[in-house]
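Go ahead and model the full structure; you've got the sequences and the hints to work with.
Those protein sequences? They're chains E and X, same order as listed. Take the first sequence: its position 76, counted from the start at 1, is 76 in the working numbering, and no numbers get skipped. Take the second sequence: its position 19, counted from the start at 1, is 19 in the working numbering, and no numbers get skipped.
Hints listed in this document are in silico derivations from the structure and should not be mistaken for laboratory results. All of these numbers come straight from a predicted model, not from anything done at the bench. Heads up, some of the hints might be wrong.
Said to hold, decoys possible - Below, simulated DSS-like cross-link-like pairs (lysine-lysine); rule was C-alpha separation at most 25 Å, straight line:
# : chain 1 : residue 1 : chain 2 : residue 2
1 : X       : Lys96     : E       : Lys57
2 : X       : Lys96     : X       : Lys67
3 : E       : Lys14     : E       : Lys70
4 : X       : Lys96     : E       : Lys70
5 : E       : Lys71     : X       : Lys56
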Amino acid sequence: DGGITQSPKYLFRKEGQNVTLSCEQNLNHDAMYWYRQDPGQGLRLIYYSQIVNDFQKGDIAEGYSVSREKKESFPLTVTSAQKNPTAFYLCASSRTVLDRDSYEQYFGPGTRLTVT
Amino acid sequence: QKEVEQNSGPLSVPEGAIASLNCTYSDRGSQSFFWYRQYSGKSPELIMFIYSNGDKEDGRFTAQLNKASQYVSLLIRDSQPSDSATYLCAVRSTDKLIFGTGTRLQVFP
Numbered sequence: 001d002g003g004i005t006q007s008p009k010y011l012f013r014k015e016g017q018n019v020t021l022s023c024e025q026n027l028n029h030d031a032m033y034w035y036r037q038d039p040g041q042g043l044r045l046i047y048y049s050q051i052v053n054d055f056q057k058g059d060i061a062e063g064y065s066v067s068r069e070k071k072e073s074f075p076l077t078v079t080s081a082q083k084n085p086t087a088f089y090l091c092a093s094s095r096t097v098l099d100r101d102s103y104e105q106y107f108g109p110g111t112r113l114t115v116t
Numbered sequence: 001q002k003e004v005e006q007n008s009g010p011l012s013v014p015e016g017a018i019a020s021l022n023c024t025y026s027d028r029g030s031q032s033f034f035w036y037r038q039y040s041g042k043s044p045e046l047i048m049f050i051y052s053n054g055d056k057e058d059g060r061f062t063a064q065l066n067k068a069s070q071y072v073s074l075l076i077r078d079s080q081p082s083d084s085a086t087y088l089c090a091v092r093s094t095d096k097l098i099f100g101t102g103t104r105l106q107v108f109p
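See the structure below:
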């Protein structure tokens, strides 16, 4: 089955620790995205990547880092510099950002991170 | 001003009725529009996208786009309790999507 996987589903960490969230896709999509969702708020873009070895900051990149060494993988690290890391993190992918008709984004199941 | 605006709801409709969900956007140059459904505790699921003015139908769902009024809507015919969820409107802005905060729909038997 083609799709996007995120692991783990739930993650608990102590304040001050870095944590890495996994995102893998086998859809052969070029572009991948990380969003954060907080209660009562829409999805906010953290980072996105259009091609391997390249990525751009989204609206709320501070305290986060990413890498894109493989087309299939786009891990997100939540660093200790992120002031309010507890949230629902969603990874998404799309075929390309270059073609209007190929821009639909598909989401993974998400990782719920709790930092205490 | 928010870039993509939706009424947070809840919008309550009886089973079998038509649910009408609305979204306005601020970027007049936007070309691509998307509707996602999100059940509580789950990730968003793409249900419709529309690029041209007018209506686009897919089963019980109809997306309507009016670029002059900067308005996009989603109609759900014959609403079912299983349609109860939050519906997110998303608008493409250059190379990313801007999401609204969503409208919560409740369909009661």
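Where does the structure disagree with the numbered hints, that is, which hint numbers, in rising order?
-> The structure breaks hints 3 and 5; every other hint is satisfied.
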